[in-house]
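K.L.:
Given next are the chains, with one letter for each unit.
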Amino acid sequence: MPSEREHRFVGPRRGQLVFALAFVAIAVLLLSQITSQTRWVEKTKFVAQPRFWPAVALGGMILMGGLHLYLLPWRRVSRQDMGEVRNWGRVLEYALWFMGYVLAVPVLGYLPVTLAFVPALSWRMGYRGRLMMGLSLGFALLTVVLFKGLLSVKIPGGAIYEYLPGALRSFFILYL
Amino acid sequence: MDLILSALDILMRWDVALALLAGSIGGVLIGAIPGVGPAVAIAILLPATFSMDPIVGLTVLLGIYGSSMYGGAIPAILINTPGTAVNALTTYDGYPMTARGEPQRALSLAYSASFFGGVFSVVCLILFAPLLAKVAPLFGSREIFLAALLGLILVVVAHRGQALIAGALAAFGIFIQTIGLEPVKYSQRYTFDQDFLGSGINLIVVVLGLFALSQAFVLLMDEDEKVHITKLRGGMFQGMRELARHPRIASVSASFGVLMGMIPGVGEFTAQFMSYTYAQKTSKRPQDFGNGSSEGLIAAETANNAVPAAAMVPLLALGIPGEALTAMMLSVFYVHNVVPGPALFQNRMDFVVALYLALLILNVLVLLFLLVATKSLIQVVKIPNRFLGVCILTLSFVGVYSLRNSATDCVMAAAFGLLGYILKRLKLPAVPIILGMVLGGIMEVKLRAAMARVKQPFDFIDRPVAFILFLIIVIVLVAHAIRVLKDRKERKEAEWQTKTSSTNFGGLMLRRKGSFLKGRGKQVRARHSKLLRRLTDLF
Chain U
2 MPSEREHRFV GPRRGQLVFA LAFVAIAVLL LSQITSQTRW VEKTKFVAQP RFWPAVALGG
62 MILMGGLHLY LLPWRRVSRQ DMGEVRNWGR VLEYALWFMG YVLAVPVLGY LPVTLAFVPA
122 LSWRMGYRGR LMMGLSLGFA LLTVVLFKGL LSVKIPGGAI YEYLPGALRS FFILYL
Chain D
288 MDLILSALDI LMRWDVALAL LAGSIGGVLI GAIPGVGPAV AIAILLPATF SMDPIVGLTV
348 LLGIYGSSMY GGAIPAILIN TPGTAVNALT TYDGYPMTAR GEPQRALSLA YSASFFGGVF
408 SVVCLILFAP LLAKVAPLFG SREIFLAALL GLILVVVAHR GQALIAGALA AFGIFIQTIG
468 LEPVKYSQRY TFDQDFLGSG INLIVVVLGL FALSQAFVLL MDEDEKVHIT KLRGGMFQGM
528 RELARHPRIA SVSASFGVLM GMIPGVGEFT AQFMSYTYAQ KTSKRPQDFG NGSSEGLIAA
588 ETANNAVPAA AMVPLLALGI PGEALTAMML SVFYVHNVVP GPALFQNRMD FVVALYLALL
648 ILNVLVLLFL LVATKSLIQV VKIPNRFLGV CILTLSFVGV YSLRNSATDC VMAAAFGLLG
708 YILKRLKLPA VPIILGMVLG GIMEVKLRAA MARVKQPFDF IDRPVAFILF LIIVIVLVAH
768 AIRVLKDRKE RKEAEWQTKT SSTNFGGLML RRKGSFLKGR GKQVRARHSK LLRRLTDLF
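As given, the protein sequences belong to chains U and D, one line each in that order. Quick note on our numbering: the first sequence kicks off at 2 and runs consecutively. Quick note on our numbering: the second sequence kicks off at 288 and runs consecutively.
Hints are computed from structural coordinates only; laboratory data are not their basis. Note that the coordinates shown come from a computational prediction; the quantities given were computed from them, not determined experimentally. From the three backbone atoms N, C-alpha and C, an ideal C-beta is built for every residue, glycine too. You can trust all of the hints, since none of them are fake.
Think about it this way: if two alpha-carbon atoms lie no more than 16 Å apart in a straight line, the pair counts; the simulated EDC-like pairs of lysine to aspartate or glutamate are:
| no. | chain 1 | residue 1 | chain 2 | residue 2 |
| --- | --- | --- | --- | --- |
| 1 | D | K669 | D | E512 |
| 2 | D | K421 | D | D637 |
| 3 | D | K779 | U | E7 |
| 4 | D | K711 | D | D509 |
| 5 | D | K714 | U | E7 |
| 6 | D | K714 | U | D82 |
| 7 | D | K472 | U | E43 |
| 8 | D | K669 | D | E510 |
| 9 | D | K779 | U | E5 |
| 10 | D | K669 | D | D511 |
| 11 | D | K776 | U | E5 |
Which chain D residues stay away from chain U? Per the calculated CB distances, all over 10 Å, these:
| no. | residue |
| --- | --- |
| 12 | D296 |
| 13 | I413 |
| 14 | K513 |
| 15 | I648 |
| 16 | K800 |
Going by beta-carbon spacing under 7 Å, a handful of chain D positions derived as facing chain U:
| no. | residue |
| --- | --- |
| 17 | Y477 |
| 18 | C678 |
| 19 | L705 |
| 20 | L713 |
| 21 | K714 |
| 22 | M738 |
| 23 | R778 |
Work out the full structure, taking the sequences as your base and the hints as a guide.
P.N.:
What follows is the structure, given as structure tokens:
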């Protein structure tokens, strides 16, 4: 039966201890590097030292993160905690999809990659019907036309566009 | 009057009109889709607005901010799922109305209340603008430092039960903004000799990671839900008439929204909570609250829509954002070299009033759009969750990559996305990180400037505004400490009540028997047997 302290804790139990431990450990590690990663300047006021604000921030992270860790109602990493860490790991798949998209755009061009990426990820998520495939293609096209064609956001043309003939090449580089 | 005319002159442009239309309709759509929310949309659109004029870019973002709450009421009322986080209270009375067959009435009332809240706050602030213009110049470096510190403290203590970790995350935000080249002494801080860290970590990369990418990850990992929407019948104008029957609740709730919106770090939730409590306590039918009370719905919707205009006050007058959305807008100002703060109120008052007028027009546009298009609009609620995740992931690319065309930025955004996902899973707040980044930067600059003229510690608070701010900080901290001690006492009492064994007579006797069988009992029995032996020896 959960204790009163567990009962009053805001948020789920799973993963809290692992997160708090990792947070404090990283903060301690960063603070241990403060002398090599920041400079102390002679004849400069204490609050104007380049080291002052990193020290305040890391001190705050350790103090408040440490107190949070100390006041957590759990002291041992449970099976649920490890399950939660595995759940965090599963998100890496989508981070990799995102990075794949990022790396492909400068090579293959924004329009072709988006037209391939959105339906492919939709397929991966289980939307395999004609309607959803059509919707994902429509969304991909709309995104490119709106952002690159109309709003002219800064996304470079793909290296592959260089092989296109003259006028088409500049049109693709500028708008697609 | 001249001020309003020159403000209207700024707005009389086709691109501003288009921005108003796009912002208002886009905001309603985004608000109506549960799982997207204005923070995600603003984060994605932020880099796209950099190429626009400041007034155009800000109008789009303000449009999304101001109108998303109108849209957020739709799923809150129809399917009991708030479209944006601040519409959570709308579900209390909105959904029970739908359940008893009055969805049209609930929607119409929510729109009318939101409209009243929005217009009320803008009118209040236009009227107060000259007064603000007089107060704003009283804020020098030390006052702005103290106001930023107060904002940060308020954000941290607002997370009841999570203040320590919220504080630690705010400190993490301050740390992130210190990474890179220090601008005064030109020394590197925490760059680990990596070139990509030399220019620091961009706020937009962090915002996109923590809000947009993390939300995409949440949706992609989620399951799709089947949504059943009730058909709407009847007119949309009945809400106006019903709102007119509760002028007191509407005006008090809007006033709460304006006041709470102006205080950094407090925002919609406190305003809603106070309005709802006030409405319930003064109502003739308090038992209806939570079961489809029109007064409850008015209180919730009026208060939350009065906040956006008021939240612009600390941003414009002092350059201090009170929450994540205004923190994002601050970067639009910086990109265009328009520095919000006392000088903006003194020199560009027409620009400030133009922003408020844009918000006013926006409210009218949104109301008209909703009155006409609600029946078609509710279909967006049906978009499956994971497909939304795919869309947000695709759009996040535009936001991050268009910033500097840097794959490193995208890696960092993905890392912050993962952090945001973990925070969402653990129900920990991400907003303190953003505010720590923004306010930490302001505090560093202002403290350095302020300390140049301070010889003794008390000189720092020798000006009236600085002293008042310092006093407020002390009061907030003391009040928080008292609340923590009170919570601790309550917890101890609850622990005592649950830990102690049964207090009935049978239980008491059982424990008495137990005690007799152990230590003390042994001593008593030994004494008794000794006395008994002496007594028997006598005979």
